[in-house]
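**Student:** Starting from two chains that each stand alone, build the complex the way the hints lay out.
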Amino acid sequence: MKKLKLLQLGHFFLWIAILLSGTSCGVKQESGPLSNQGSEDGAGDSQQVIAMLPKLINIDYFDACNRGAAEAASDLGIRLIYDGPSEPSGSEQNKFMDTWIRQGVDAICIAPNQPKTIRRFVEKAQAAGIKVFTWDSDAVESGRDLMISQVEESELGEMLMDEIAGQMNGKGEWAIAIASLDAANLNAWRRYAEARALAKYPEMILVDTVLTKEDENYARQKVETLLNAHPNLKGIIAFDSNSVPGAAEALKTTGKSGSIALTGCSTPSKMRPYLNQNILKSFFLWDPSALGDLTVRVAHAVLSGKELKEGTAIPGYGPIRFSKEDSKTVILSDPIRFTKDNIDEFDFGI
Amino acid sequence: MKQFILPAILISEIIFFTWIGDYTFKSPEDFLRYFQSYSADLLTQSAPVLLAAFGMTLILATAGIDLSIASMIALISCVMSSFDGDVSFWWKAVPLGLLVALVLGLTNGSLIAVLDVPPIIATLGTMILFRGLCFTVMGDLEKSPFFDVPGYEWFGRFPGALLLISLVYLGLGAGYHYSRKKRELLMIGGNPIAARYAGIPVDRRLIQVYVFSGFMAFLSAVCFTARNSSVSGSSLTGMELQVIAAVILGGTRVQGGYSSLSGTFFGVFIIAVLDEGLRGAAGWGEENLPFKLSYLQYVLIGIILIGGVWMNTHLPFPKKNAKSS
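Chains as they are written, first to last, in numbering that gives the first Met the number 0: chain Y, 0 to 349; chain F, 0 to 324.
In isolation and in its complexed conformation, chain F is listed as follows (with noise of 0.2 Å):
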């Protein structure tokens, strides 16, 4: 029953939401047309937050943390922005940009697994660190590059967005579930002193999870300039936490040793249809309510997060699953 939870709490909100919205259906094609334009608009919006998450899950899963996830995407996207818009931005920009990527989180990893620092330690040091350098690259200007390149937008629409984001989630589900990589990593999570003991090269694989997670800011810093075809040194702030609180309402453990990509995928969606859900029932606020709806939202988003954990961690669940934890 545990594996149902989430999906039913995001179906609910989606019903509530819709019933409690600024909109009402007048035929059958009404209603499907809302919706085409409500799912193409709430995937591209999370699409960012999806894509940084899915790295956040594995960096979980060790027991570690990557506070600086939002900093490094913004990184990212201000290297990127310092080229012109034209079609050699494809061959410039784009290279430059994973290039970064996979350095930042090389960067970290290092930190965490040759140097040894507290991945929390590590990540807010260098949450600090990139985000300056995301001024030093930008100064105070918001650049728009992305807006000329030929074919970029593709990245920040609904299709676009879609495919990435199956491509990483079946091809890192299917590499991640069936290979021994993923008791790695909950081992490592779990008891890294055992891990050791069991012959898994846990520095190794440490720095492996860091750079992916470097890899998948960068898909992320794609999707993000994609749609909104800017950025500023200051873009992205505080994205972090959505990132990370997202992962946790999936049920991976903080403390390692579980993690879930499909509850991470719930996750993302429970938290952008409650957003998007706060957003479009304004009208229903003012009539209803003595204060803005909208102020909601972090106190929505806390009861969310604590009581989804909370049943993803008490209720009775299959006994098969709980190996895996």
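Extracted from the complex, chain Y is given alone in its bound form (with noise of 0.2 Å):
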């Protein structure tokens, strides 16, 4: 009896040897093999490993993203990893972090779940001379490289806005559908729709914010409450995929969806039947996988060393646009507004 249990100690002991030997000479980050022999002198020869980190795994918006990355990865001759963790965690996206600073790649660009958890890991990536680069939700404080943003935040929100103010003929009460007061991009949208209300359309009225939690049929639940709370109720804007779709459905089964207008950000192939039905006049959305494909070329030129600037031409695809807002993000392009006429024309596999 006491031999095994001697035994059972013996086994963590064990343990403690082999990590006590890993670190006692001090855990030290360098640029690893997996960027393979003499990467030092930046594009070259060798080629250059790219890692990817959407919020999550098997969703149609990042396996679009997904699809454009990796066509700019062999149009450019490099190694992409895309992965990530199968639900929407900070925690979980730090292990795929670890993983890779250990492995030595050349760039990760992260979309963030909680921008506030990776600023460890971020440091940590740098120090070890890979880039950091945020897509499609920001981290601003985490001292990332740079962003590569969907959209100029202010110019979505505002166009949002004015499409909302356009259909309500400016003025009435309106309210606002969004995932969380979480989501860095989302938010940020939201704030800008909000300041263009308050300066340009001074009859409208802002009545509640319902959140949605990122979740169809609960949309749809809160937004038929929403409208029973205010029968004066006139627009409503949607700030996320699943907001748009559930609050058309609210006032699909409510039949108000003549007298109340709805706008907001979703994907085509969502919005298709209620855009038929004539329950929405319009949505908003940009290219997922043009982002895929944006996000990896900047990467792909930032790592071979060229200096950007607003108007830099970088390889396969033209010249590049900055914000207004922040010198650091990489604007995709303007949101394409998505109507019954022009829907059949795009094809973005969402």
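Do not rely on the hints blindly, as some may be mistaken.
Unchecked claim - Calculated Cβ distances over 10 Å to all of chain F for the following chain Y residues:
#1 119
#2 202
#3 215
What the hints assert, rightly or not - Computed far set for chain F versus chain Y, every beta-carbon distance over 10 Å:
#4 117
#5 140
#6 179
#7 190
#8 235
#9 240
#10 304
#11 308
Claimed, not checked - Okay, derived cross-link-like pairs now, DSSO-like style, lysine-lysine, Cα gap no bigger than 27 Å in a straight line:
#12 94/Y with 291/F
#13 199/Y with 170/Y
#14 180/F with 130/Y
In short, the hints are calculated from the structure, not lab data.
Bear in mind that the values here come from a model prediction, so they are computed numbers and not experimental data.
Note that the Cβ used here is the ideal one computed from N, Cα and C, for glycine as well.
**Tutor:** Next comes the structure, spelled out in structure tokens:
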């Protein structure tokens, strides 16, 4: 019996010994062989490795980003690792950062779930000589090298506001449906939209903001409650891809689709039926595969030692555009306005 | 031979994943350097699960279960995160976090021991309750005062996490193995009525076990927040299954009556190495598999869990060991 216990303790000390032998001389991070021999000279003949971390895998939006990124990578002749957690969790994303820092990739492009949690890992990566980019959603405080943004945040926010104001003739009660007050990109759009309303549409009154938790069905319930609570409501802006179809479904089931204007950001495949049934007139989006494509190309250009400025042409893309608000944010394009007439011209695969 | 199964699985996993991993070693020094950061990453990632799993081992020994463990850790972190990130954090947030942890443990323990609610129901209830409290405390925000607290980060790094784990393992191992407590807990698990007749204060012991698990949840919360430096209401969702799976894989019986702390230790690392290995071998998967390698994660954990537990219970083991089961 005693022998057994000693043996068990022995296992543990063996482990401590292994671990201690590892760290006693101090863990020093360097760029490892994933980036292959002689990557010091930047581009050249060695293959660059870019790791791309979406908020989560297996959803349409990020799958489309993945397709664009993979095409750009094979076009540029670099290696792309595209992987991420199966749930939108910040601490799971940190584990991927750890793995890639250890393997010594050249760049990490992350769409952070929780912008504040990656700070220490961005520092760790940069100390190891790895460039860190954010895409889709930003983490300004983390000290990332560049952000690749799908749209100019102020532009999208103001466009949404102008759209709904146009449909409401610039007056009446309106409300917001948004996934959470946490997601950096959605809330930046929301703030710009609210600011626009205050500045330009004095007769429009914001009556409520409902949180829909990235869930279409939940969004429908919340919007139905909203409609009951505010009978004079004339317009809704829904900021994320689940809130818009949820709100549209709520308008459809309550039969208020003619009297209440709705717009927002969502995907063509989700919104096509509602557009065709005239439940809403328009919505906005960008091309997610183009976002993946641009992210990889910008990362490649930076790794190749290119100085990026407004209008710098990067291989296979053309001149890039920087944000007016933040000099370290690259903008993909103007948001695309989808209506019944043009929706069939776009095939994003989502 | 039984006690070599888990170490054998662990070591073969490490060898296998090093082999298929996206990393070719250039020199012995390179190999050493890689394993330094590998073990550091592995330990800091697993520390929160491991600490919680130690508490869970004792609970399973009494034939109980604690489904609320992840919500509990999240709630403790959320409460601590509502303080400012400066030196005062140490004497405001940390003691309050500890107090909250003990109260949450006491709640679980009292429900089970005093009100006689079956553990799985009681902790299912508190799992939902504590998660609800997380959102009440946090709203929809993500807070990160932990980043600025001087010295706090140390617990999220290799030496700090290792120190905590070693202290708990050695302290708990000695206190548990060499005192009557272990016998008493196992007896409560095996046959609570007999335990009562044998003069064991069953209710008091049960409450003690759940309060202890609360304390472990506190240490776990410290490791988690020190490493990730932020927390939000939905942090750690689903972690309870990871904890329970690791403890069961370690050979502890869900029906109570047999427990193994070193088994838990290996259980946690077997799952962590698998997880890390799949992340690190994406390139191998791209070349050899028609699907993403990381999709296999849950499949493999399921197989290892069932296989490991089967081997634990069905392979021959020394007769002396049988006495403790």
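**Student:** Could you tell me which of the numbered hints above are not met by this structure, giving the numbers in increasing order?
**Tutor:** 1, 5, 8, 14
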